[in-house]
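Both chains are sitting in their own frames, so use the hints and assemble them into the complex.
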Amino acid sequence: MAEYDVASETLVYERPDTLTEVSTHYCPGCTHGVAHRLIAEVLEEMGLKDKTIGVASVGCSVFSYNYFDFDFVQSPHGRAPAMATGIKRVLPDRTVFTYQGDGDMASIGMGEIVHAAARGENITVFFINNTNYGMTGGQMAPTTLPGQKTTSSPNGRDVESQGYPIRVAEMLSKLDGASYVVRRALNDPKNIRQAKKAIRTAFEVQQRGLGFSMIELLSICPTNWGMTPVAALQWLEEKMITYYPLGDYKVNPAVAEIKL
Amino acid sequence: MTREMMKGNEAVAEAAIRAGVTAYFGYPITPQTELLEYMAKRMPELGRAFVQAESELAAINMVYGAACTGQRIMSSSSSPGVSLMMEGVSYIAGTELPAVLIDVMRGGPGLGNIAPAQGDYNQIVHGGGHGEYHAIVLAPASIQESVDLTVMAFDLAEKYRSVVVVLTDGSIGQMMEPCELPPFKALKTEFPDWATTGADGRSKRILTSINLDPAAQEVTNFRLMRRWQEIQANEVRYKTYFMEDAKFAVTGFGSCGRLALSAVRAARAEGIPVGLIRPITISPFPTDLFEELSHKLEALLVVEMNNGQMLEDVLLATHDQIPVDFYGRMGGMVPFPDEVLDEIRRVAKGNLDTAGHPRDRWLQRMRAKNL
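Residue numbers (the numbering used here), protein chains in the order written: chain A, 414 to 673; chain B, 168 to 538.
It should be emphasised that the hints constitute simulated quantities derived from the structure, not laboratory data. Bear in mind that the values here come from a model prediction, so they are computed numbers and not experimental data. A hint or two may mislead.
Unchecked claim - Listed below are the simulated BS3-like cross-link pairs for lysine-lysine, each with C-alpha atoms no more than 25 Å apart in a straight line:
no. : chain 1 : residue 1 : chain 2 : residue 2
1   : A       : 609       : B       : 355
2   : B       : 174       : B       : 208
3   : B       : 208       : B       : 371
4   : A       : 609       : A       : 464
5   : A       : 464       : B       : 355
6   : B       : 208       : A       : 464
Same shape as in the complex, but just chain B (with noise of 0.2 Å):
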């Protein structure tokens, strides 16, 4: 196959197409923008659905209600538009559907800036929505993962009835590289069993995230539930580099992930044994990775565009074991390879101070560089 130069937003919106989506609802916002215009262009020739919604909280009702008829469907969005979908993404998540959503993340909180950042870990992994449900979380670190991540989420939520969130944000969004597309699938022609399609020789079907039984909820909660069990144990995707003989270990997803891999090469020609961890699903999370990998590094730094964020699950799952470190920027603040670079020579260093939580610590040390 040849590559292709694209920007990633409108890869990610070429993959979907390859990938089957049938409709696309979306809104403008900044640095998501090019997938809607993309989108715009090439749905109508291809005599699929694109709507340009009123607002996020419609677009993401259009996929709900879309989604109702078992096609393969998505929005795309960035941050404070996601925000305004949180609502539409728990009934879709309650009904049990699949649907794909596209989060090219900027900085905030609030309105924010249109500078890439990775403040929406916490929302998009940990809920962002009402009730219990989990969506599966995919993190890009290049065009052509966002391609292939896209055509992925697309498999998943179909396999799981559930919500994908492709979280890439504004730098991978805008960049450009070459990349590989997927060849085309075609659209789906049959539909599911619990669509709603019309009861044209079959009795009526009812979709719906209401049940003002408790015990009933309930169950579908447990069902819910138990779904995630089985994405936790089948669906965990991650890269790791330099990790055979390393000592320590840098982590981060998505864009960050990446720029630490050009402080993890700069710190291996000095000679520091560190290798990288990239979460490639952040939701589940590689718990288990990091489990073990406790009892065999000395020493972790989780590096993120946020205040420490995935920190949080790292810290999870290494239980105290190792100390683990963290280096963070903010609010669309991304950090140089270099800065990375100084913090794993702090880090291999040794006898690291590890009171305290290691987001006090960074803010502690954050007060050097006047911040």
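Just chain A, with the same shape it has in the complex (with noise of 0.2 Å):
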């Protein structure tokens, strides 16, 4: 065996000091794991770990809490909103944010983003779409595509009888207090990179007091799609980004102000 020297050798790529140092119980292929990281470096680069507060909701990621070495409180099913609106009231000056699945967020907890978006909360919302709901093995969720076969449209969803897919960060987007709401892709390089620098501008955002921000991130389910991860990627491409178009939905003036 060849000698290895270490010593020589520059790090160029680690772990960042906001995530722990274990396995992540997300499928092979899931998305979650890009997402995480990349809120985890923004959070480092920011110097926010002691002074975030996060929020975890029901779904995949409920353990997300698990992975992220900062504080973290875990919600009840699309509560995650008013749970932050708690913590931020008490807590200004912390950083808080929270992260939720098409289902928690767009079905079940549309009450409790829609006023938080409308009271402008001084919060940062991560929305994870993956048109479908993923823990509980793939039922169809708001923003399921039209004619999309899951557990619980096995015929496609018909959107005669199960109606149409809802876009969030349209409709928050027409809220006025919403600051921020941009939707971003994580299937490949470029988009990943777009996605980092509009975490960046949400945590900017709170930083400054601005208000609300949310990103949207599509995302793939490999498992519940029943596609490898390569075809899930291309078919977020091909389906997913011409029904959600990527793009910055709601920039205030003063957040357009932010360079980075």
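Pasting the structure below:
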């Protein structure tokens, strides 16, 4: 075996100190890990580790608090924005964010998210949109695409009887209290880099007290979609981005002045 | 101290402020709304947090989040709104957080009406939310007691990391009486060693109610149950009136206990040796007191503004050792003291028919009133 000179190597990529050193429970190919890492990197870069309280929701990310290495609370299904409101109102100088899936936020928690945005609550929301309920095994979510097969829309989502998908970023962008509402995707390096920049902007918005910020992250669920991770990424690009266009849906003029 | 003429709901709000409540989250519902309105004005004046939530569901979860910081946090509502809060109450209990909730009860079930009632006893005292937990429940019968028990609620919540409910009703919430307010307590400046406030200079903390490992969940539940035993041993409170030589006793909580006192006084004037037991803590329930009295008294009359909910706790405590009878009005109907006086006279006459359940006998008797 050849001798290996560790000392001459330069470390260019490591785990941010805002992530714990454990394996996650997420399925192979799942993009929760990417989203976690981006949030963790930004908080580390901004030096906010010691001043942040995360709010986990109900869904696959229910145990996200095991992976982030800072204070965390865990919310009832859909109520994360209300919990975050409670924390932020008592501790306005702390950074508070929620991490929610599409079932949690766009279905059972629709009331809480809309009103947190309308109040201009100075919190940041990460909305993981993978078009299904992942934790319970892939049922139809409010974001499930027309015709998409899930375990509770076995013949494909029939919009006549099951209604239409909800475009959350577009909807929340109409509220005056929302300062920064954008949609990004976690499907390729370019989009992932743009997602990270948006996450940074969102936390800067909160730091400056500019109000409500939300990043919708189009994500994949290979296990429940019944696809390989690569096929799932292609499906995201072809089907999801078509229905949920990427872009900045609300950028308050004060936010536009933030230069990164 | 001077006494001030105050409305029940507003007195509770001011008492909470003086007890050092850091944040209030609520939603309008009659007959509780004055409490929310008072907080809307006073909390921002004092630089404290006030949010009118989009629903009781959101309000209790704002309480949940805020309580994670270890500060004094509260909400208030009335029966239908409290039903909506039950999910959050279970989570708060499961996460072992202190929080205070005021329930200004009204007539039910369903939308019911806005008249005073006590139909939430079972929901508040015997659960409400899912899973094994107990809330401490305090039942005031006057504005002064509402003030005193609200202050005590915060202390107990903190001491036992427990949900404490002050269970009043539309009459106590709406009426005005002179009361003495407590001195101002400074807001807490220190955070308890479990609070999630940002992991500054320490390792991270997690506050959660999930425990996928049943064995670990059971450990939590045993801890909750043992803490409840401690509460039962130390925190039972009640008031007794004319009990020294009493052969009969009436018992009722909150406003019903108060109106029963008028009836007991009238009965005493007629020479009937009757007293009154008014539980202050209906949870933990004064079980030992009733057990003891069941060896001394000749009969007991339970009076409630519901269908006999506390009655079941009295029956459990008295083990059929004495005749227990029940008188109640429901749906927002408040009994007149004379109705209770008639019941006292009937019970004091002796020879009570004790066949069957007291509730069934009451339902049968109420037919005479075309009810």
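The hints, checked one at a time:
1. A:609 with B:355: It is violated: about 38 Å lies between the C-alpha atoms, which goes past 25 Å.
2. B:174 with B:208: 16 Å, holds
3. B:208 with B:371: Violated, at roughly 36 Å.
4. A:609 with A:464: OK: residue 609 (chain A) and residue 464 (chain A) at ~20 Å, within 25 Å.
5. A:464 with B:355: Given that 25 Å is the threshold and the Cα spacing comes to 19 Å, the pair holds.
6. B:208 with A:464: Violated, at about 30 Å.
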